[in-house]
Each structure stands twice: as C-alpha cells, then as structure tokens.
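Participant: Chain residues, written in single-letter form:
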Amino acid sequence: MKEMIIKKDALMNLLTGRADDCQVFAPVEVEGSLVIKEIQPGDEITISSMNTKASIKETFFPQRERLFSYDLSKPGEMKEPPFSDRKRIVFGIRPCDAKSLTVFDCVFKGKDYPDPYYIDKRDNTIVIAVGCNEPSTTCFCSDTGAGPFSTDGADLLLVDLDGSYLVRVVTEKGESFVNENTAFTEAGQQQAETRDAIVDKATKAVHAQVNPDKVKKKLDDGFDSNVWDIIHEKCIGCGTCTYLCPTCHCFDIVDETTGTTGERLRIWDSCMYPFFTLHASGGNPRKTGKERMRQRVMHKFKYFVDNNEMVACTGCGRCVKYCPVNLDIREILKQIEVS
Amino acid sequence: MNNPYLPLQARIDKVIMETEDRNIKSFELSFLNKKDEENFQFVPGPFAELSIPGKGEAPFGIASSPTEKGMLKFSINRTGLFTEAIHNLEEGAIIGVRGPLGNHYPVEAFENKNVVIVSGGFAFTTLRSLTKYMIHDDNRSKYKNITVIYGARSPGLLLYKDELREWEKRDDIDLHVTVDAGDDDWKGKVGFVPAITKEVAPSAEDTYVIVCGPPIMIKFTIPVLQELGFPPERIILSLEMRMKCGIGMCGRCNIGSEYVCKDGPVFTLAQLSQMPDEY
Numbered sequence: 001m002k003e004m005i006i007k008k009d010a011l012m013n014l015l016t017g018r019a020d021d022c023q024v025f026a027p028v029e030v031e032g033s034l035v036i037k038e039i040q041p042g043d044e045i046t047i048s049s050m051n052t053k054a055s056i057k058e059t060f061f062p063q064r065e066r067l068f069s070y071d072l073s074k075p076g077e078m079k080e081p082p083f084s085d086r087k088r089i090v091f092g093i094r095p096c097d098a099k100s101l102t103v104f105d106c107v108f109k110g111k112d113y114p115d116p117y118y119i120d121k122r123d124n125t126i127v128i129a130v131g132c133n134e135p136s137t138t139c140f141c142s143d144t145g146a147g148p149f150s151t152d153g154a155d156l157l158l159v160d161l162d163g164s165y166l167v168r169v170v171t172e173k174g175e176s177f178v179n180e181n182t183a184f185t186e187a188g189q190q191q192a193e194t195r196d197a198i199v200d201k202a203t204k205a206v207h208a209q210v211n212p213d214k215v216k217k218k219l220d221d222g223f224d225s226n227v228w229d230i231i232h233e234k235c236i237g238c239g240t241c242t243y244l245c246p247t248c249h250c251f252d253i254v255d256e257t258t259g260t261t262g263e264r265l266r267i268w269d270s271c272m273y274p275f276f277t278l279h280a281s282g283g284n285p286r287k288t289g290k291e292r293m294r295q296r297v298m299h300k301f302k303y304f305v306d307n308n309e310m311v312a313c314t315g316c317g318r319c320v321k322y323c324p325v326n327l328d329i330r331e332i333l334k335q336i337e338v339s
Numbered sequence: 001m002n003n004p005y006l007p008l009q010a011r012i013d014k015v016i017m018e019t020e021d022r023n024i025k026s027f028e029l030s031f032l033n034k035k036d037e038e039n040f041q042f043v044p045g046p047f048a049e050l051s052i053p054g055k056g057e058a059p060f061g062i063a064s065s066p067t068e069k070g071m072l073k074f075s076i077n078r079t080g081l082f083t084e085a086i087h088n089l090e091e092g093a094i095i096g097v098r099g100p101l102g103n104h105y106p107v108e109a110f111e112n113k114n115v116v117i118v119s120g121g122f123a124f125t126t127l128r129s130l131t132k133y134m135i136h137d138d139n140r141s142k143y144k145n146i147t148v149i150y151g152a153r154s155p156g157l158l159l160y161k162d163e164l165r166e167w168e169k170r171d172d173i174d175l176h177v178t179v180d181a182g183d184d185d186w187k188g189k190v191g192f193v194p195a196i197t198k199e200v201a202p203s204a205e206d207t208y209v210i211v212c213g214p215p216i217m218i219k220f221t222i223p224v225l226q227e228l229g230f231p232p233e234r235i236i237l238s239l240e241m242r243m244k245c246g247i248g249m250c251g252r253c254n255i256g257s258e259y260v261c262k263d264g265p266v267f268t269l270a271q272l273s274q275m276p277d278e279y
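From first to last, the protein sequence lines stand for chains A and B.
In this text, residue positions in the first sequence follow the working numbering: the first is 1, and each later residue adds one.
In this text, residue positions in the second sequence follow the working numbering: the first is 1, and each later residue adds one.
Keep in mind the hints are simulated off the structure, nothing from the lab.
Glycine included, C-beta positions come from ideal geometry on N, C-alpha and C.
Treat each hint with caution, since some may be false.
Here are some, though not all, of the chain B residues that point toward chain A, as calculated from beta-carbon distances under 8 Å [unchecked claim]: (1) Met1; (2) Arg78; (3) Gly80; (4) Pro100; (5) Pro106; (6) Ile247; (7) Cys250.
If we strip away everything but chain A, and leave its shape as in the complex, we get (with noise of 0.2 Å):
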C-alpha cells in the first residue's frame, strides 16, 4: 500500500482551505463534547484520542432527512431534495466508524434498491480516517473484523506520528486527493518503522474478549435459548445504543406538514421500541424486551452475518460507554458464547 507522509498544520490548512470548494467534516469540541460537524470558519479541528461522541452515521444517514417535499394544494406533485455533486471530504473519524461505511453499503447500495440519498452523499465524499494509537477500554474493534488501524471503508487512513501523518492510500479516490495536493510526500523507511511500532503498541492494547464466529455459531440455533431470558432483564429500552451505534440504521417514514406545505421524511427509528413492530391489528411479533434485545443481538451477530458476511458491529464501543445501566454487549456476547 502506497504511504505519504504530511505535516499535520499543512493537512489542517489543506482542509480548511477546501471548505470554500467542498463541505468538510471533522471533529470538533462543542460544549465539552467531541462532535462531528462541517467545518466553519473559526471551528478548531480537534483529534483527541477520544473518539466522537456520535458515530459518523449522520452524515451519510441523517437523523431527519427529506425524502420529498409536497404542497397539499397541488396533489400528486413532489419535490425530491436537490442531489448535488458537491464533493465532500470526512475527516479524523476513527477506523470504527469508517468501517461502519461499508456495512451501510450492504444495506444503501444493495442492488436491488439503491438508495439515493445515501448513494449521493458516499459517492461524493471522500473518507479521512484517523488510526488509533490509544484505543480505549471500550474498543472491541479487533474482534469484530477492524481494528485500530483498519482500513476498510476509508479512502485514506492516517497514522499519527505526532507532528506528521503518514497517509496510507486505500483507494483510487484517496489517490487523487493525495496526488492533487503538493503537501503530500513519500513516505520514508524510517517513518515505516515508526509506524509499525504504533500500529503494534495500539493492537495489542486492544484485548481480544468476543470471537463473533463462536458467538454466531451458538446463534445459529439459539434463537430459543434461555440466555434471552437473562440478559435483557437490565434493559430500559431507553434506545441509546441504537442512536449511537454507527451500524444501526433503522428507519421510520413520517410525514410532516405547516399549513399546506409538508415534507416526508425518513427519520431513525430503534428496534429497542414497543411500537417499532406494533401490528395496526394489536398483535406484535417482539412484544417484550426479551425479544426485542434477542432481535438487536441477533441482527448484528447472525441475520447480517446471514445476508452480508459481515458483522453489524465495529466494537466502537459507544453502547458500552453510554448505557445508562451498563449494558456490556461484550458481556452479553462472552454470555452467549458460554450458553
């Protein structure tokens, strides 16, 4: 893989220099919390190794988005949103999240029925990921098929090496962003080296505790196991772990109007919710939490594996970190494995 080494300040100066051509992305301090948001000018870039407190998922699904827009005095005229070409560039999110990209492909850029939405803006975006040289005790990402520095679903992956990025070219797309920018150069043996003792250092730092190929083994006949009497007992249904989880990407369609003007509109849903499942006649498929966790665990750890061969989990571990009791999905997996 081609490597190329930049100074950080010429890299920041590049991307905010591109905010007049394109949208950029990065992260960014806003009270208190790491956000991803399109650069203004005065915003400060921040890459701590903290990761973002939402995933990248709404930039590529947002969380409210206008499917088409009606006049209720016009009846059978729509107004699909403008598709632009207007290129755009995601910056500093973590290998987790850019590895999230390529599950949404699974599911946006099927071919039966691509989406145009989604399939607009990942076309015309080009992914920046930042390697992790200190993974939290939250990250699992090894054990699901990434890892601190995974490539998958960037364009380009960087590796900090404190004043300078080495910039692992990953795509044709990462390039020719590289080759149209001079502050690029070609990566030395030296900084190879260094590079290797990053990567080392961050791997081993994440331990290895779910193995999804044992766990999807127990899945495959474990829809009736007793396990799921267990493990959703904890549960509140608050939804969290679904908003924040970069590969969940249910969805609701709901209309919305003022005066004669209304949109429809997509906007995420949770497989945590009572109502998601709700039959108009009463019945309900996943009538309480028990099958409702089993849906979650199972979708992410069997039904996609079953459909995509992939897992829908990075191990970013937002579920982990902001469970309001404390759920552990690597609890719940390692609980599995052993039923």
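Given chain A's structure and the hints, the job is docking chain B onto it.
Facilitator: Showing chain B alone in chain A's frame:
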C-alpha cells in the same frame, strides 16, 4: 437513479363498500401516467405502499389481477389513522402508489397442477388476485382443478360478493363459501374454515394449497392440510408484518434473516419451519 421512495401517482376511479360493518372498502385505481401503468408489472401476490401526502403510507396486498388491465385494486380495512384517511378519500382523489413490492405466488409451479385456495376474512385480497389470474381465459388451461374455500364471520362480511356469485356459476372452479354464523337469507355453508376444509377434503395429490387468513384460522387449517397429505413444500402462506420502507432496509419486518417485504410475503410452510417463530 430510480428513487424507490417516490410514489407513483394514481387516481381513485371507484370506491366500493364491501362489508356491512362498513369497515372494508375496495379502491380501484388507475395511474395518471401511462408509462407507470406499463412499468407496474406483477404476478399475483405482491403488495404496494399506498400513500397520502400529510398522512403517510402503509402496505396493502394487491387485490387486482394483472389480467385486469389498467386497474389496480386494494381492499382496505379501516383500523388506524392511515386507513381511516384512505376511507375518507372519494372517487377522483389522487393517491400515491409504491410498488409492486415483495415476491409473488409461484404460479409457474402451479402449472399442470391442482390448486386449492383456503382463505378467511379480508386476507382474501391477494387470493382474489390469484383466482382472477388463474381463471382468466388466457390462463385457465394451464391449471387443473381450482378449488376455493373462503369464509367470513357472517354473510355481510364476505368480500367481492358479486364476483363470488359469478364464480359460483362457473364449472371450472370449485367454490365453497362459508360463514361462521349465517342469517335468515344465507343458504350456503356454515362452519369455520378449517372444518369446511376437512369436509371438502381436497386431494393432496399433484396439488398446491395456498392459505391466507387470521392466525387462528391458519393455526387450525395447517393440521387439516397435513392430515390430507399436503407436504410443507406445497403449503403456501402469505405473511403480514408492520412495514415502512417495503424494500428491506428499515429493519422491522424481518423474521430471522428473511425480510417479509423483500424475501416474502409469500413463503412455503417448509421455508417457515426453518425460520424463527417470531411472526
């Protein structure tokens, strides 16, 4: 790129009150755009998302047969906010249609075979489509005996009453209409669908059976069919689930790894027995 969320526009040409409790209406639609009509190709079994701006959208099985050119029919039970809104629409109103969505009844496999249709209540919609399709002049010779067993709680709750009378007169379709409880004018069969199925006792030899109805009817009909010798591969069901997108993305209609909207709604009993019991 084709936008799968944009509804096609159709006009409501005809509204028919089907049942005496005034809860089920049939809506006959035609597309505003001729091109949409040409592109809307289907084989009986799929559903479509009907859509009213400001109210939302919901999935309904297609009750018309593709042999009924230029007309799309939906029979809708008034049960929630959206179906209430549809019931309030009058002839001439414009409505959105997304579809056809989902798979279809395996009509190719039915060729040179006997076909038995067992249905109860307003689940008869896509089976009306299938029956109309199979008894159409272009198709009838492809199938051997066609038996239809259809039941409702009372005579007034039967759908498509005029058509049932027409089918009754034909000698190329063996029709058994039953009600749970008759009234003074009712001269037909009285009894639950599973019991009537047992009484009619269609031969399982060289025969496909399609079962569609309320869960309780299905629960008691399946053992009857198994007793008659129908193998699970030739027992076909059509499922319902809460759906939003209808294209396998929004995440609520799956049973295990299968999405009812995309991989269904039509499944064989053999397929269902491999899937988790979550429907």
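Participant: For the restraint on Met1/B, tell me whether the closest CB of chain A is nearer than 8 Å.
Facilitator: Since the shortest Cβ distance to chain A is 5 Å, the answer is holds.
Participant: Should the interface hint for Ile247/B be scored as holding, given a Cβ-Cβ cut-off of 8 Å against chain A?
Facilitator: 4 Å, holds
Participant: A closest beta-carbon separation below 8 Å is what the hint needs, so does Pro100/B meet it against chain A?
Facilitator: 13 Å, violated
Participant: Let's test the interface hint: is any C-beta of chain A closer than 8 Å to that of Gly80/B?
Facilitator: 5 Å, holds
Participant: For the restraint on Cys250/B, tell me whether the closest CB of chain A is nearer than 8 Å.
Facilitator: Holds. Min distance 5 Å.
Participant: Is the hint on Arg78/B kept, meaning its closest Cβ partner in chain A is under 8 Å away?
Facilitator: 10 Å, violated
Participant: Would you check whether Pro106/B satisfies its interface hint, that is, whether its CB is within less than 8 Å of any CB in chain A?
Facilitator: Constraint on Pro106/B not satisfied, violated at 19 Å.
The structure fails hints 2, 4, 5 (numbered hints given earlier, in ascending order).
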